[in-house]
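Below, each chain spelled out in residue letters.
There are 2 protein chains.
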Amino acid sequence: MEPITHRPLYVGLVHHPVVNRRGEPVTSAITNLDIHDIARTCKTYGVDAFYVINPAPSQQILLEEILAHWLTGAGAKTNPTRCEAFKIVRYAATIAQAVHEIRAAWGAAPETWATSAKGGEKRISWEAARMRLDSSPHTPLIILFGTGGGLAQEVFNLSDFIVEPIQGKKGYNHLSVRSAVAITLDRLLTRRM
Amino acid sequence: MEPITHRPLYVGLVHHPVVNRRGEPVTSAITNLDIHDIARTCKTYGVDAFYVINPAPSQQILLEEILAHWLTGAGAKTNPTRCEAFKIVRYAATIAQAVHEIRAAWGAAPETWATSAKGGEKRISWEAARMRLDSSPHTPLIILFGTGGGLAQEVFNLSDFIVEPIQGKKGYNHLSVRSAVAITLDRLLTRRM
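Residue numbers (the numbering used here), protein chains in the order written: chain A, 280 to 472; chain B, 280 to 472.
Extracted from the complex, chain A is given alone in its bound form (with noise of 0.2 angstroms):
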């Protein structure tokens, strides 16, 4: 299987707004290991950048000393490979500063697809999702994946498509987010069989 071309692609790991398990808005903490896997996965699959979006200014200084270990400090001459998935990463407080930052480099702003473990409207299937991100290719976009229980109902209204869930094979659909990212890039961006 070999990969696709594709718009400008964008990933964003949001910590806010997303709901905890009880469907209460909350903003998470960064998990290190989001970083490290998400990172690697993206720059395997080409995705332009990857933005970690948290508003928490702690969260901020805890996400640069993260990434400067590993781009400047030790881990950049033990792991250069991990240094090299590393410089795709960039931070943002909010979903609006990503975009932002998306429309100033490209002269339009990304379309904007939420992902979900859940069924509800403006559901997008993955044959129209890869047929969508083959078009339009000076249109970039950006892919919101929630951390806790998943991204606040206001994040897939300002959304233009919720992604088709993940179906597990007996109902059981509780993928970390770190595995739903490497299944979602792996459906849209290879060429399939």
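Please note that the accuracy of each hint is not assured.
Since copy identity is lost for identical chains, a pair holds within one copy or between any two.
Distance condition first, Cα-Cα at most 20 angstroms in a straight line; then the derived EDC-like pairs of lysine to aspartate or glutamate [what the hints assert, rightly or not]:
#, residue 1, residue 2
1, K356, E343
2, K448, D413
3, K366, E344
4, K449, D413
5, K448, D327
6, K449, E363
7, K401, E390
8, K397, E443
Source of the hints: derived by calculation from the structure; they are not laboratory data.
On the provided structure of chain A, position chain B as indicated by the hints.
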């Protein structure tokens, strides 16, 4: 995309024999999040059991402590879906022990597939692997994933096949083992569009 039916299927996460970044044989330590992510992925795709393979007695104790927390301890109450995923986790000291248990359960030795980010001999394409998974309904199969720098040569030697690498877009294919398991199971077990 819908899941497909398949042979009795097992996943093995190998901590020995694996190699480190310099290609030297080592035993790696268990990463807590590997167990969570891979158990959740395996549960999602209907894998029969997920073997954590590590010969170190201290690592067996660590795994049993993690499992106890999620199966019968505080974790089982606070997060029942995580508990569901942990029910399919098994410990084995060696690959041979996992193979022995699977043979005892099904009356036939499992076919063994290794995985690797590199090319080489005995490679089976994704398409051929999918067809093979769908055949011989009574012959079990175990897919082995390496931690650290990947599986050691002796694992490739004992395996029937080595699954084709997951190709990166620009030659970068340094996925985490968590992401590699997710993409591999999705490619093998989900009906393509």
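The hints, checked one at a time:
In this assembly of identical chains, K356 and E343 lie within 20 angstroms of each other by CA distance solely inside one copy; the values are 18 angstroms within and 35 angstroms between copies. In the homo-oligomer, the alpha carbons of K448 and D413 lie at most 20 angstroms apart only across protomers (15 angstroms), although the nearest pairing inside one protomer, at 29 angstroms, exceeds that limit. Taking the shortest alpha-carbon separations for K366 and E344, only the intra-copy value of 14 angstroms comes in at or below 20 angstroms, while the best inter-copy value is 37 angstroms. Taking identical chains as interchangeable, the C-alpha atoms of K449 and D413 lie at most 20 angstroms apart only when they sit on different chains, with a minimum of 18 angstroms there against 32 angstroms within one chain.
In the homo-oligomer, the alpha carbons of K448 and D327 lie at most 20 angstroms apart only across protomers (12 angstroms), although the nearest pairing inside one protomer, at 32 angstroms, exceeds that limit. Taking identical chains as interchangeable, the C-alpha atoms of K449 and E363 lie at most 20 angstroms apart only when they sit on different chains, with a minimum of 12 angstroms there against 38 angstroms within one chain. Proximity of K401 and E390 under a CA criterion of 20 angstroms is satisfied intra-copy only: 13 angstroms inside one chain copy versus 43 angstroms between copies. For a Cα distance limit of 20 angstroms, the shortest separation of K397 from E443 inside one copy, 8 angstroms, qualifies, whereas the shortest one across copies, 32 angstroms, does not.
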